[in-house]
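J.: Sequence:
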Amino acid sequence: MNRQCTLRESVCVEGIGVHTGKPCRVTLRPADENVGIVFHVSGQQIPALAEYVVSTDRCTTLGVDGVRVMTVEHLLSAMAGVGLDNAYIDVDGEEIPVLDGSAKPWAECFYRVGLREQCAERQRIHLTRPVSVMAGDRGIWAMPHAERLLIATVHYDHPLVGTQVAWFPLDKINYLEEIAPARTFGFWEEVQPLLARGKARGGSLDNALVIFPDRYSTPLRFPDEVLRHKVLDIIGDLALVGAQVEALFVAVKPSHTLNTAFALALRQTIQGE
Numbered sequence: 007m008n009r010q011c012t013l014r015e016s017v018c019v020e021g022i023g024v025h026t027g028k029p030c031r032v033t034l035r036p037a038d039e040n041v042g043i044v045f046h047v048s049g050q051q052i053p054a055l056a057e058y059v060v061s062t063d064r065c066t067t068l069g070v071d072g073v074r075v076m077t078v079e080h081l082l083s084a085m086a087g088v089g090l091d092n093a094y095i096d097v098d099g100e101e102i103p104v105l106d107g108s109a110k111p112w113a114e115c116f117y118r119v120g121l122r123e124q125c126a127e128r129q130r131i132h133l134t135r136p137v138s139v140m141a142g143d144r145g146i147w148a149m150p151h152a153e154r155l156l157i158a159t160v161h162y163d164h165p166l167v168g169t170q171v172a173w174f175p176l177d178k179i180n181y182l183e184e185i186a187p188a189r190t191f192g193f194w195e196e197v198q199p200l201l202a203r204g205k206a207r208g209g210s211l212d213n214a215l216v217i218f219p220d221r222y223s224t225p226l227r228f229p230d231e232v233l234r235h236k237v238l239d240i241i242g243d244l245a246l247v248g249a250q251v252e253a254l255f256v257a258v259k260p261s262h263t264l265n266t267a268f269a270l271a272l273r274q275t276i277q278g279e
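Numbering (this note's numbering), first residue to last: 7 to 279.
Hints are computed from structural coordinates only; laboratory data are not their basis.
These numbers were taken from a predicted model, which means no experiment stands behind them.
Idealized CB from N, CA, C, for every residue including glycine.
Each hint should be verified, as a subset may be incorrect.
[Said to hold, decoys possible] In the DSBU-like style, the derived pairs of lysine-lysine whose C-alpha atoms are separated by at most 30 Å in a straight line are: (1) 28 / 205; (2) 178 / 259; (3) 205 / 259.
[Said to hold, decoys possible] Here are the in silico distance ranges between beta carbons for each label pair: (4) 164 / 140: 19 to 27 Å; (5) 119 / 29: 16 to 24 Å; (6) 60 / 140: 20 to 28 Å; (7) 15 / 49: 19 to 27 Å; (8) 7 / 159: 33 to 41 Å; (9) 225 / 126: 41 to 49 Å; (10) 202 / 163: 19 to 27 Å; (11) 154 / 28: 30 to 38 Å.
I would like the entire structure built from these sequences, with the hints used as guidance.
T.: Okay, here's the thing in C-alpha cells:
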C-alpha cells in the first residue's frame, strides 16, 4: 500500500521573498491524514488547491478573502517530490522564502526532519481519458499511462537557451537528483522591467540564475537547467490538484498560468468522474 506521509516534527525556515524582497518565515507542522497541504496566513486558512489560485504573475499566488501567500510553487514542488501529503504551513510574511531559487533546500529540510508514514492510503488518480489545456502555441496534456512520466519542452529566442526538450520519470529519486536542484532564472533584459512592476526585489545571484546576452551569471547545474526548473514549477503547480495523478504529461512552453489552469482542469475532471 502506498501510504500518506506527514512530517515527524515541526520545522521553521526563514529567508527572503524573491519578489517582495522582504524577510519571511514559514513553520511547517505535521497534519493528520487526508488534511492535505494547508497554509495559515494572517489567521486565514488557504488550502493548496487550484481553485484558490488568485495570481500567476511570475509566480503562483494562493488566496482567500483578500489574504494571499505568494511564490508557493517551489515549496509545493518539493513536498510533492518527496511524497509529503499532509502539513500545515504557518506563513509569517507575504511570500514563501526563495532560499537558493531551487527546491533542493526544501527537499533536504524534509529529509532532515523526517517523514512519518500514516495509515491512510495516498490518493492516486488514474485517468480514463486525456485532459488538456491549450493557449496559442502552448499547452499541457495528460494521458492515461501505466507510469508517471513528464515530457517537457521550452523555447526562448536566446542563443544560450533556444529549444530544450527532455523527459523525466516522476519518482522520488529522479526528482531529488534531476529536478529539485534546478534554479529559478531570469533574462538580464527583464530585470529592470520586473523591478518597475514591483517584482524580483529580492532576486540576487545567490537565489537566481541570470541569463546575460553572452553568459550565465553562475555555472549551470545542468546543461538544460532552464527546462528543468520549468519542470520543477510544473510539479509544484500540479500539486494543487490535491492528489497524485498517474499519467503521461506533455508540456509545451509551460507557465504558471497554464500549469494552474491545467491543475484546475484535472480537479474538475476528477470530481466529474
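J.: Between residue 60 and residue 140, does the beta-carbon spacing fit 20 to 28 Å?
T.: Holds: the Cβ-Cβ distance is about 23 Å, inside 20 to 28 Å.
J.: Does the Cβ-Cβ separation between residue 7 and residue 159 fall within 33 to 41 Å?
T.: Taking Cβ atoms as reference, residue 7 and residue 159 lie about 36 Å apart, which means the hint holds.
J.: Mind checking the hinted window 19 to 27 Å against the Cβ distance between residue 15 and residue 49?
T.: holds, 24 Å
J.: Okay, residue 202 versus residue 163 on CB: inside 19 to 27 Å?
T.: Check passed, 22 Å falls within 19 to 27 Å.
J.: Between residue 154 and residue 28, does the beta-carbon spacing fit 30 to 38 Å?
T.: holds, 36 Å
J.: Does the alpha-carbon distance linking residue 178 and residue 259 stay inside the 30 Å limit?
T.: holds, 24 Å
J.: Next pair to validate is residue 28 with residue 205; report whether the Cα-Cα distance is within 30 Å.
T.: At roughly 12 Å apart (the allowed maximum being 30 Å), residue 205 and residue 28 satisfy the hint.
J.: Range first: 16 to 24 Å. Now tell me if the beta carbons of residue 119 and residue 29 are that far apart.
T.: For residue 29 against residue 119, whose Cβ atoms are near 22 Å apart, the range 16 to 24 Å holds.
J.: Look at the Cβ atoms of residue 225 and residue 126 and judge whether their distance stays inside 41 to 49 Å.
T.: Holds, since residue 225 and residue 126 (Cβ atoms, about 43 Å apart) stay within the stated range.
J.: Quickly compare the C-alpha distance for residue 205 and residue 259 to 30 Å and report which way the hint goes.
T.: holds, 22 Å
J.: If you check the beta carbons of residue 164 and residue 140, does the distance land in 19 to 27 Å?
T.: Hint holds: Cβ distance 24 Å, inside 19 to 27 Å.
Every hint, counting from the list given before, is met by this structure.
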